[in-house]
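A.B. asks: Make one complex out of these two single chains by using the hints.
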Amino acid sequence: MFALLAATRFVHFAALTVLFGLLAFPFYACGPGEDAPRFPKAIKWSAVLTLISAWAVLLMMSANMGGGLASTFDPQVLQAAIGDTEFGRVWTVRLLLALAMAAMLIRPGPARDMKRLVLCGGLLASIGLTGHSAMPGGVPGIIHRLADAAHLIAAGWWIGGLLALVLAAPALGANAVRVLERFSGVGYGAVAVIVLTGLFKSAVLIATVNSSVSTAYGWTLLLKIGLFAGMGALALANRFWITPGLKRGGDPAIWLPRLRRQVMAEFALGIGVLAVVGALGAMSPPVSG
Amino acid sequence: MKIITTAAIALALSLGIASGALAHAKLVKSDPPAGGQAKDKSNIELTFSEEISGKLSGAEVKDSAGARLASTSMIDQKEKGLMVMMKAPLKPGDYKLDWHAVASDDGHRTTGTVAFSVK
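If you read the protein sequences in the order shown, they are chains P and F.
Per numbering that gives the first Met the number 0, the first sequence starts with residue 0, numbered consecutively.
Per numbering that gives the first Met the number 0, the second sequence starts with residue 0, numbered consecutively.
Pulled out of the complex, with its shape left as it was, chain F reads as follows (with noise of 0.2 Å):
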């Protein structure tokens, strides 16, 4: 029985762990921070703990009335960011930017929200 009780734990512990929790990209820090304030009134730069797929990760950006506001996004691979760059600079008010992130190894996707302002 013990030999089936130590089974079951660690098939449990090695199929579910391996397939579910570990390749999703997270945001690991962003600029500007999470409720902080923006210097740069162009760019945003997030930056993940995976590598992600550049045609399958991007952002928008919201104003506080939830209109979006054109940008485009690309890439770093080598850094893990996602480098967003507004059409017209970011005037002062509170932003939204939502994110969507798909990792390059298992595919999985993961999404988040960075709210910030700017002055």
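Isolated chain P (complex conformation) (with noise of 0.2 Å):
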């Protein structure tokens, strides 16, 4: 049951992650009168990918509630788990964005569409309302839900954008240098926000949360900070070798196909990251009476 609540989390974290960073990338990577990479496959399979796993995350989330896999089908479970928990109300919503938007994004759409990276990040953003409670209410529950929702949202922006980066690597050509420098760019941007936001939320929470934090938890969470410090260490590998590599007129034959499999190995472990957050939502502290 864990295993499989943590792994449709995690494919619905991903898609929607990496969904939202192909949509933002011809924003900032790309000049006004220059080509923007459109990816209009992975557009389309990472909209019905969200999609679908919004349904399978409902299901696995339902069953839980019910107390076990045998409980997936159980009308009555599934009824309850929408109508009873702020769970269920937030995801009906989301469900309703996630199909809409697929409808949207099944067909290829302009390079730098708003309303589609709109749609996106408020349903990347809406991931934020479901996981929390114990939360304070008033101005300072909705400063917490805006500060989760930018941390979400500079997260794709990161995450996603490097899968951009990945899949309009070999078209980059003479371009390469400035698109690098301008998502070098947004990315510090998206780190900086993850931080603050991050610093923020964290200072809430150790205040509201007394340690209920499991060992398995924990060491969870050192994981995800390895990982992430991986990320970290190859941007900064990208930033400070390949770009000036680049820039110096090093040869596009040996530095593209370099930063191809450095910028792979970077979204790699982002998609680690994602992983790490599928599971760590669906953990339970081990309660006893």
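Warning: the hint list may mix true and false statements.
As the list claims (entries may be wrong) - To give an idea of the chain P side of the interface with chain F (calculated C-beta under 8 Å), a few residues:
| # | residue |
| --- | --- |
| 1 | N63 |
| 2 | A79 |
| 3 | T84 |
Don't read these hints as lab results, they were simulated from the structure.
As the structure is a prediction and not an experimental result, all values here were calculated from the model.
Just so you know, even glycine gets a beta-carbon here, dropped at the ideal spot from N, CA and C.
C.D. replies: So, in structure tokens, the structure goes:
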């Protein structure tokens, strides 16, 4: 049960994160006159996967609430899960949004489409409305949720942008240095947002959570810190080794594949971070009486 | 590097704790208490740390032979409580109550057992 819930959560987060990053990429990576990459296939499939996995998460959450896989298709449990929990109400709205988004993205659209970006961003940010409680109400609660939304958007911006860079890399040619520098620029911004909102959220959480974090939970967190640090190291290698290499007039036939491999590795680590997030949210702290 | 380490820790803490350990309904107290004696032989009261869903939460009481005894349960949303009412008053002996609770907000399920006796 745990593995299924963790896996469906992971697929949903990963598909949506990637989708947002792909939709955002043309807005910052290409200048006004340049031909922006569009990734129609990747966008279509991650939109479909976002929708399917949204259903899967709902079914797995509901089965979990009902006490096991046997209750996956129990209509009474599903009805209670949707109507009787905050998670269920928020998730129902998210499902409808995911459906609207898939309908919109299944056909290729223009490279820079604000409507599609906003819809996808809303869906990504609303994940933050499903996982919390014991949160302060009123204004502090609203601030906390805004921080959450910014955190998710920034993570999508960065991790999804990496895949966009991988997909766009073969066609970059002479544009590579410019695109890389723009990507690094917004990458710093995204990391800054992740750090600031993350610190804020941590401060609130540490103030409100008692030490109910189990050992397995702690180790999983450490694993995630390791993956994230790896991403950071690769990002620095990109910035201070590959970009200058290309800028010096290094042979693109050597440096572009190098760039592609390095960004792919960074993206893989990002997917690893999302897998850990999927698992963490499905974990229960050891509760007894 | 420092900023990245900080970012890593912050991200891990925020995403991790936020989505995991917060909203689970834990048993705060029970009447009778775990390991204690029941004075009221027909009603058992559990109090949780969170609001719980009435449709998805419940409990069952078993005697020392493991046989399930008929009961109904209902929740008291304001008190974050679950009231278990036995169909027939409990006879002297040892009992176990298995509860399951689903938090009203994030839908996480928790379970637990309270052992008690009746004299």
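A.B. asks: Now look at each hint and say whether the structure bears it out.
C.D. replies: To see whether the hints hold, each was checked on the structure:
1. N63: The hint holds - N63 (chain P) has a Cβ within 8 Å of chain F, the shortest such distance being about 6 Å.
2. A79: 4 Å, holds
3. T84: 4 Å, holds
The structure shown violates none of the earlier numbered hints.
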